[in-house]
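> So the sequences go chain by chain: A and B.
What the first sequence shows, in this note's numbering, is residues 4 to 129, in sequence order.
What the second sequence shows, in this note's numbering, is residues 4 to 129, in sequence order.
Treat the hints with care, since some could be wrong.
No distinction is drawn between identical chains; accordingly, a pair holds when it is met within one copy or between any pair of copies.
[What the hints assert, rightly or not] Below, in silico cross-link-like pairs of lysine-lysine (DSS-like), each with a Cα-Cα straight-line distance of 25 Å or less:
hint	residue 1	residue 2
1	127	104
2	35	102
3	35	112
4	112	102
5	35	104
6	96	127
7	102	127
8	35	96
9	96	112
10	35	73
Rather than coming from a laboratory, the hints here were simulated on the basis of the structure.
Just so you know, these numbers come straight off a predicted model, no measurement behind them.
Residues per chain, in single letters:
There are 2 protein chains.
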Amino acid sequence: MKEYYLLILVTILSITSFYSQDSNDLFVRLVKIEIFPTALSEYTAILNEQMNTAILLESGVLEYRVVNEKDNPHLFTLIETYRDYASYLSHIKTSHFLKYKVRSENMVKSLELIDANLIGKTSKNN
Amino acid sequence: MKEYYLLILVTILSITSFYSQDSNDLFVRLVKIEIFPTALSEYTAILNEQMNTAILLESGVLEYRVVNEKDNPHLFTLIETYRDYASYLSHIKTSHFLKYKVRSENMVKSLELIDANLIGKTSKNN
Numbered sequence: 004m005k006e007y008y009l010l011i012l013v014t015i016l017s018i019t020s021f022y023s024q025d026s027n028d029l030f031v032r033l034v035k036i037e038i039f040p041t042a043l044s045e046y047t048a049i050l051n052e053q054m055n056t057a058i059l060l061e062s063g064v065l066e067y068r069v070v071n072e073k074d075n076p077h078l079f080t081l082i083e084t085y086r087d088y089a090s091y092l093s094h095i096k097t098s099h100f101l102k103y104k105v106r107s108e109n110m111v112k113s114l115e116l117i118d119a120n121l122i123g124k125t126s127k128n129n
Numbered sequence: 004m005k006e007y008y009l010l011i012l013v014t015i016l017s018i019t020s021f022y023s024q025d026s027n028d029l030f031v032r033l034v035k036i037e038i039f040p041t042a043l044s045e046y047t048a049i050l051n052e053q054m055n056t057a058i059l060l061e062s063g064v065l066e067y068r069v070v071n072e073k074d075n076p077h078l079f080t081l082i083e084t085y086r087d088y089a090s091y092l093s094h095i096k097t098s099h100f101l102k103y104k105v106r107s108e109n110m111v112k113s114l115e116l117i118d119a120n121l122i123g124k125t126s127k128n129n
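Same shape as in the complex, but just chain A (with noise of 0.2 Å):
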């Protein structure tokens, strides 16, 4: 029962927290990322390592929501979402973010960088 309510506990100060940040201000990105078939498993690592190391060392960096396409793996659609527009482009200076664009460049076909707005984010933990 203490598990219960810790879960509650954590589940709304996930919320609160994530929108204590004055949302207005937040930068969304819609990414889809189109790359050579045979690059799929190496992509895969380096953007998971640019990821994990942005969300680690960046406090403006809040998000990150990748997938890509059943049928077509090497389809990639991104949403990312940073605290406001200074954090995004603090993070594209980053080592991190400079050494996963050196490492990629090769794999990447196409990238479409598109504004966007948050419209829902809801999740739960139990």
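Assemble the complex: chain A is given as a structure, and chain B must be docked to it using the hints.
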């Protein structure tokens, strides 16, 4: 300082709790929805009502992320995560989902459902 440790605990619990699901069983959908532009605010409201209800009532509905495009706000992209395929099948039979489908019927111009893999998922709460 107490708050700092609590946030670390929250983060660890959130991650372990989500991944305690066998991630091979996860059913992930990338959804692209084009609505009629005049329906934007009404559609946003009923979509959020559906998502919030599903997260609250259905144990197998784990997460929704929804964005629309700043330059084309009638274009929505969703990443939906269900515990497994059975949870998804159960979800689309619920009264709140069926209510959403009926209410949104004349707002949605096109709908694309793409089976997807969750490649990356990382957030922070501080």
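> Each hint needs a verdict: does it hold in this structure or not?
Verification of the supplied hints:
Only between protomers do residue 127 and residue 104 lie at most 25 Å apart by alpha-carbon distance; the minimum there is 23 Å, versus 33 Å within a single protomer. Taking identical chains as interchangeable, the C-alpha atoms of residue 35 and residue 102 lie at most 25 Å apart only when both belong to the same chain, with a minimum of 20 Å there against 31 Å between chains. In this assembly of identical chains, the alpha carbons of residue 35 and residue 112 lie at most 25 Å apart whether taken from the same copy (11 Å) or from different copies (22 Å). Proximity of residue 112 and residue 102 under a CA criterion of 25 Å is satisfied intra-copy only: 18 Å inside one chain copy versus 41 Å between copies.
Taking CA atoms no more than 25 Å apart as the test, residue 35 paired with residue 104 passes inside one copy only; the shortest distance there is 15 Å, against 27 Å between copies. In the homo-oligomer, the alpha carbons of residue 96 and residue 127 lie at most 25 Å apart only across protomers (20 Å), although the nearest pairing inside one protomer, at 33 Å, exceeds that limit. Only between protomers do residue 102 and residue 127 lie at most 25 Å apart by alpha-carbon distance; the minimum there is 22 Å, versus 33 Å within a single protomer. For the identical chains of this complex, residue 35 and residue 96 are intra-copy neighbours only, at 21 Å inside a copy versus 31 Å across copies, given an alpha-carbon limit of 25 Å.
Taking the shortest alpha-carbon separations for residue 96 and residue 112, only the intra-copy value of 22 Å comes in at or below 25 Å, while the best inter-copy value is 40 Å. Taking identical chains as interchangeable, the C-alpha atoms of residue 35 and residue 73 lie at most 25 Å apart whether they share a chain (15 Å) or sit on different chains (15 Å).
Checked against the numbered hints above, the structure breaks none of them.
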